[in-house]
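Fit chains X and B to the known structure of chain E by using the hints.
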Amino acid sequence: MRVRRIPQQIVPLALIFAAAIAALIIARKLLVPATFGDLGYYRAAAVGEIAAQPISYAGAKACLECHDDIDQAKRQSKHRGLSCEVCHGDAARHVEAPDEVKLVKPTGRGYCPLCHGYSPARPTGFPQINAELHNPGRACMSCHNPHNPMLPHAPEECGACHRQIASQKTVSHHATLACTTCHETPEGHLTNPNVVEAQKPKTKELCGKCHGQGADSPPEIPRVDLESHGGRYVCWDCHYPHFPEAAR
Amino acid sequence: MKTNEPKTARREFLETCGKSIPKWVLFFATIRAGTLSAAEEPEAYDPKQHDYAMGIDIHKCIGCGRCVNACKIENKVPEEPYYFRTWVERYVIPSEGDAQVDSPNGGRDGFPELKTEPDMLRTFFVPKLCNQCANPPCVQVCPVGATFSTQDGVVLVDETYCVGCRYCIQACPYGARYLHPVKKVADKCTFCYHRIRKGLLPACVEVCPTQVRVFGEAGHQSSPLRRFLRFNDVTVLKPSLNTDPKVYYAGADREVR
Amino acid sequence: MGIFLAEIAPELHKITGYIYPNEYELHWGILIVLYPYLTGLVAGAFILASLERVFNVKVLQPVYRLSLLTALSFLIVAPWPLLAHLGHPERSFEMFLTPHTQSAMAMFGFVYAWYLMVILLLEIWFDYRKEFVIWSRERKGLSRFIYKILSLGTTDISERALRFDEKAGRAITIIGIPSAFLLHGYVGFIFGSVKANPWWSSVLMPIVFLFSAIVSGMAMVLLIYMISTMFRLKNINMGCINKLSELLLYAMIVDFSLEILDFIQRLYEAEESINILSQMISNRLFISLIVTQIILGTLVPMASIVWARFGKVPDEMRRMLYFVAAILVQVGIFSTRWNVVVGGQLFSKSLRGLTVYKTEIMGLEGLLMSGALLAMPFVILYIITRFLPPWSKTETQLSTP
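Protein chains in written order, with numbering that gives the first Met the number 0: chain E, 0 to 247; chain X, 0 to 256; chain B, 0 to 400.
The following block holds chain E by itself, in its conformation from the complex (with noise of 0.2 Å):
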C-alpha cells in the first residue's frame, strides 16, 4: 500500500495555524465578559450599570413633601406647569439633606426673560415683554409673585400681548382703526385671555362698511364691489387687514 508523504512544509504550518486558532478560542473564553450576549449583542451588565447612575433633578412630586403650601398658590396659578426646579435648580441633593443644601432663588430681573422676553418665534399668546422696557431696573418679583404670577394689572393696550401685529399695523394704512372695531373682545379677555377669546371677522360685509360702494366713510378709502370682487374668497384671504397694503 502507498502512503502519501505529507509534504515536509505542512507540518510547522498547521502546527502555527493551530495554535493561532486555539489561542484565539481560549482568549475567547477567557477575556469575553461574563454577562455579554444575556439579552442582546452586549454586555448585559452595563444596563443595569446606566440604571444606577445617581440623580440630580429630584423632579417636581419631590418638592410637595414639604413645601405644599406654596403648590397650593401655585397649582391654581399660570405657573401650575411649571416644575419646581426650573426656577430653583436641580433639587436632588437638598431632598436628601435639606438643611445643609439650600437652593437658588433667582432675583432681580435675569431670569424671568429667559421664558418672558419678546421673540416672533415664540407661540402667539404667550405672554412677552420687551425685557428693556418692560419697568426697567425693577425686579421681577417685586410686581408678580412668581408662584402666583397674576399681572399686577390688566394691560391696556392690545399690542401688550400682541406686539408683533401691532407694531405692523402702526405703520399701516390701518393704524388710527382701534383693534375692536374689527375684533369682538368681551372684557374678560383682558385678564384671562386664553378662556375669553376675542372674535375674528367672519364676513366680507364687516371689510364693506368702509370699502363697500355705498359705504359711509372718507372718500380717500378704496372702494370695491363687495358682491363680484374676490369671487369665492374673502378680503383677508388676500388683504393681509394687519398691514393692508403689502403688495403681495
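It is possible that part of the hints are untrue.
[To be verified] Capping the alpha-carbon separation at 25 Å, the derived lysine-lysine pairs in DSS-like fashion look like this:
1. B:K233 <-> B:K57
2. X:K183 <-> E:K60
3. E:K104 <-> X:K71
[To be verified] Negatives, chain B to chain X, calculated, CB over 10 Å:
4. Y17
5. N55
6. V110
7. A112
8. W134
9. S135
10. S142
11. R159
12. L246
13. L257
14. F262
15. I289
16. S391
[Unchecked claim] Residues from chain X that face chain E, not an exhaustive set, calculated with beta carbons under 7 Å:
17. H58
18. Y82
19. R89
20. G109
21. T149
22. V181
23. R194
24. R196
These are calculated hints, taken from the structure and not from any lab test.
By construction, the Cβ of each residue, glycine as well, lies at the ideal position given by its N, Cα and C atoms.
Showing chains X and B alone in chain E's frame:
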C-alpha cells in the same frame, strides 16, 4: 505517567505552570466580571413591559433652553458648546430664500434677539435629541457591541466597552452623538435611563415650562404619549432613511431636518 | 452664533450656515485618511504580484517579489493609524472577542488577520523557502539562526518539495486576489454603507476604492523599484516598467471613468444634498479635489504615461515621465482618500452648513505623526529586503556613460 520516574526538568516546568494557573484564571475572571456591579432595583422592573418614546409639540416650544440646561446638569454633559445630548434650534423662514437655522450653545441660554422682519414667514423653535430609533443605524455599525437597544426601547452606550472608533457618531443621521472628551467613548441622550427606571421623568421633560415634551409609551393606553399621538398628526425626522425614530414631532415644518 | 463661541474655538467663525452642535468636532481626521491609503497600497501591490504569478505576465518578473514585500511592509503599518485614533486602543482586542457581525468595521480584524497570515505571509514564505533552507546551511552566526527560524525547520528542497511550493504559492495567489479585493473593498463598504452621509453613501464606493487602490499600489511598486534599483546602481528593466506603466494607465482609465460616472450621476439625479455638496466642492474641496486629485493626480500622470509609452522618447525621458507620473499618482490617491474621509465631514448632516478641518502639526492627529507613519513602511521594507532580497538575478550593473 510513571510516578516513580525521576522528575525531569520538563516535568518540573509543567508542574510550576500548573500551580500558577489558578492565579492566572482569577486575573482574567476579574476582567470578565466587569468593573461595576449592577445596582439593585426597588421592585422587580421588567424591561419587556415597557417601550419608551417621546412626543414633541413644536407649537408650544418657547426656546427657553431649560431642557438643555437640565440635561447638562443631570447627565454631567461636558460644558463646552459642542457636546449636547439635547439642543434647541431656531428656524426663521423668509418668504423668499433659504431657511435660517441657529442654535447658539444649543439654546442653553436662550437665543439672541430676533428682529421682526416683514418677509419673515414663519419662525419657531425645534428641540432635538437622540431619536432612540427602533432600527438604529448606530447600533448596526458598532464593531464591538458597545452600543445597543435595551428591551425597553432605549439605545445606550456601554462606556466600559466602547473603543472610541466613532463609527456610530458617523452613522447617526441626526447628529445626536458626540465623543466624550474625558472618557473618550461615544455618548448621547439616554432618555435619562437612570431616572425612567425609577419611575421619574427625563430631566428635559421634567423642567419644560410649556410641556412641549411628552414622555411615555405608545403601547400603553394610559400613557400621556398615547393621547399625544391620538390628537396630533406626527412626523419624524428623515423618515426616508428608515431608522424608525421614536421621537414624534407635532407641527414640524417641512424645513425641519 | 453667540460671541462666546468664537472665544472658545477660534475656528468657529469659519463655519458657514448651520451645523448640528455636536458636529463642531470632526471625528475622522488624517489618521483615518491614512488607513485606506495604506491598505490600498497593499491591495494594489498584491494585485500586481498576482498578475505575474497567475496571469503569467512574465515581463513583470523583476517586480514580483518586490511587490509582495511592499504589500507586507504596508500591511504591517496599516493598523497603526487606527490604533492611534481609537479612544481606547487598549480595548481594541474586543474586535476579535465580540465582533459585531452587522458592522463592516468588525470584519477588519479578521480580514486583516486572514490576509496577513493566510495570504501574504504564506505566499512570501513559499516563494522564499528554498533560499531560507539554503542560506540556513551556508551562512554563519546570527544570519544562520534567523534563516533557520524563517525556514520553520523545513529542510527538504528536493524537486518534489519545490514543486509543492510552486503549486501552493499559486493556489494562495489565486485565493489572494479576491482576498485583496476584500481587504480594501470592505473599507469602501464602511463608508459606502453609511446612509446618514450622502457624500459617502454610494453603491460605487467599494469599487472606486478598489480601483484607486490598484492604481496607487502599482504606482508605488513602480516608484520603489525605480528608486531601489538606482540606489543599488543597477539597470532598470525597461520592459518591466513599460508594462507596469501600461497596466497602471489602464487601471487609471477605469478608475477615472468610475469617478466621472459617480459625479455625473450625482449631478443628474440632483437629490436633496446636491446644493450643500456643490457648495462644499467649490468652497472647501476645490484644491484637494479639482487640482490635486483630478488634474495633478489623474490627468497629468495619464498624459505623461501615454506620451512616454506611445511617443518616440528616449529611455531616460521615459523613466523620468514614469517617475513623475508615479509620484503624482500617490499625491492624487492620497487626495482621493482625503476628499472622501474629510470631505464627508465638512458639511453638516442638516444639509445647511459647512465646517472646517483644522490641520495640526503636533499630536496624535498631527502632520508629524502622519509623516512618521507614512515613512515607517519604507523603513520596514528596507529591513525586510536585507533578509529577503527581492532583486532579480538577471539584473545588470549600471554602466556609467
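- Closest CB-CB distance from B:I289 to chain X, is it above 10 Å? holds, 25 Å
Using Cβ atoms only, decide whether X:Y82 comes closer than 7 Å to chain E, and label the hint accordingly.
-> violated, 17 Å
Taking C-beta pairs only, is B:N55 more than 10 Å away from all of chain X? holds, 40 Å
Q. Hint check: is the beta carbon of X:R194 less than 7 Å from a beta carbon of chain E?
A. Holds: closest Cβ of chain E sits about 6 Å from X:R194, inside 7 Å.
Interface-negative label, B:S391 against chain X, beta-carbon threshold 10 Å: holds, 42 Å
inquiry  = Using the nearest Cβ pair, does X:R89 come within less than 7 Å of chain E?
reply    = holds, 6 Å
*Verify the proposed pairing of E:K104 with X:K71, using a straight-line Cα cut of 25 Å.*
Holds - the C-alpha atoms of X:K71 and E:K104 are around 20 Å apart, at most 25 Å.
Check your understanding: Holds or violated: X:K183 with E:K60, Cα cutoff 25 Å?
Key -> Given pair X:K183, E:K60 is violated - Cα atoms ~36 Å apart, limit 25 Å.
Does B:S135 clear chain X by more than 10 Å, comparing its Cβ with all Cβ atoms of that chain? holds, 26 Å
* Tell me if X:T149 is really an interface residue toward chain E, meaning its C-beta lies closer than 7 Å to one of theirs. => Since the shortest Cβ distance to chain E is 6 Å, the answer is holds.
**Request:** Starting from B:K233, check that the Cα of B:K57 is at most 25 Å away, please.
**Result:** holds, 20 Å
- Query: Once the closest CB in chain X is found, is it more than 10 Å from B:A112?
  - Reply: Holds: least Cβ distance 14 Å, greater than 10 Å.
In terms of the numbered hints stated before, the structure departs from hints 2, 4, 18, 22, listed from lowest to highest.
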